[in-house]
Amino acid sequence: MADENGGLVIKPMDQFEVKALFGGDVSWYTPTNVTLWMALTVLAATALMVYGARGRALVPNRAQSAAEMTYGFIYKMVEDVSGKDAVRFFPYIFTLFMFVLFANLLGLIPFAFTTTSHIAVTAVLALTVFLTVTALGFILHGTKFLKLFWVDSAPLALRPVLALIEIISYFVRPVSHSIRLAGAMMAGHAVAKVFAGFAAALGAAFFLPILAVTALYALELLVAVIQAYVFTILTCVYLKDALHPAH
Amino acid sequence: MADHANAGPGMPQLDVTTFSNQIFWLVVTMVVLYFIMSRMALPRIAAVLADRRGTITSDIALAEELKQKAQSAEDAYNQALAEARAEAGRIVEAAKAEMQVELDVQIEKADAEIAARSAESERRIREIRDSALEMVSDVSKDATKDILERFDAKADARSVNAAVAARLKGGA
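Protein chains in written order, with the working numbering: chain A, 3 to 249; chain B, 8 to 179.
Read the hints as simulated data drawn from the structure, not as lab findings.
What you were told as hints is all true, and nothing was included just to trick you.
Here are some of the chain A residues that sit facing chain B, going by a computed Cβ distance under 8 Å: (1) Phe18; (2) Tyr31; (3) Val44; (4) Ala47; (5) Thr48; (6) Ala55; (7) Arg58; (8) Leu60; (9) Glu70; (10) Ile121; (11) Ala122; (12) Val126.
One side of the interface only, derived from the structure: several residues of chain B facing chain A at Cβ under 7 Å: (13) Phe31; (14) Leu33; (15) Val39; (16) Ala48; (17) Leu49.
Glycine is no exception: its CB is placed at the ideal position from the N, C-alpha and C atoms.
Generate coordinates for the entire structure from the input sequences, incorporating the hints supplied.
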C-alpha cells in the first residue's frame, strides 16, 4: 500500500471500482466485476434455495432446513407487516431479500466486489419498490390513496402542514431506502480496508489493526444480514401503505 | 489502479459512466433471480412445507384416533370386568337361595319328624299314665276292700268303688 515515495497511501475506495472483466472500456453491456458478482449472488441464492432444498424431505437436512427457515422468515414478515393480501408479492420481496443478503455476504469475501455498495444498484432497487408501491396504491385505491397524506385524526388546521410533511417523507423514502444500504456496505468495507492498510504499514504492531479488522469483520457480517433484513422489512412497510393506506 | 487514476479521485459510486452497466446487469440479475425463485425454489419449498404440515396434522389425528381406540378398549375391558363381577354375584346369590330352599325343606322335614315323634311319645306317656291311674284305682279299690274285710266291715263293692273313685278324683 505504500507508494513509490515511501509514504502511507491507503486507497480504501479502489475496491468499489467497476472494471471490465476482459479489459477495455465499460459500456452498458460490458461484462464487468458487477456482472461476475451478481452472477455469483444468483448462484449462491440458487444453491441455497434450489440445490440445498433439493431433497424435499419430510425431515429436512441442514441445507433444506436453512432454505425453509429463510422462506418462513420472509413469508411471515410479509404476512405480518404487509398483511395477508400481500403474499402475492412474496416472490418479489423474497427475491429482493436474497439478492441483497447474498450480495452483502459475498462482498465480505476478501477481494470481492460488493454490488450493493453502489448507489446505482440500491437506487434502482429502491426506486423499483417505490414506483411499484405508488402505482399499486393508485391502482387499488384510486385517489383514496392520497388519504395516506391526509391525517384525519389530526386537527383540521394542522392537516395541510402534516400533509406536506407526509409527502416529503414519502418522496424521501427511496432515497433513504437506497442510501442506507449502499452507505452501510461502503462504510464498512472502506474502514476494513483502512485498518488492513494500517496492518501493512505498522510493522511489528501489525496485530492491533488485524484484531480490529477481525472485530470489524464480525460486525460487518452482522450488518450485512441486518441491512438485508432492513431493506426487506422497509419494502414490506411501504407495501402495506399501498395496500392499506388508511392510518 | 490505472482505471482509478483515469476516473480521478473520489468515490467510484459516483462515477456515472458505470451506471448504465450496473443497472443493465442488475436488471438481468433480478429477472433471472426472480424467475429461479418464483418458478423453482419457492413453489418447491411451499409444497414441502405444506406436505409436512399435512403429515403432522394427519399424524396427530392418527394419534388421537389411536388414543380413542385405546380408551374404548379400556372401557370395554372395564365393562366386561364389571359384568363378570355382577354375573359372579348373581351366581353366588342363586346358589345361596337354592341352599336356603333346600335347608328350609330339610328343616321342615325334620320339624315334622320331631313333631310326629313327640306326639307318639306323648300318646305313649298318656297311655302309660292312664294305665297307671287305672291300676292305682284298682289297687286302691282292692286295698280298701281288703281293709274293710279285715275290720269286718260290711260294704258292698259298688259303694266302695264309688267312694274310692270320688276320693281319687278329689285327690288328683
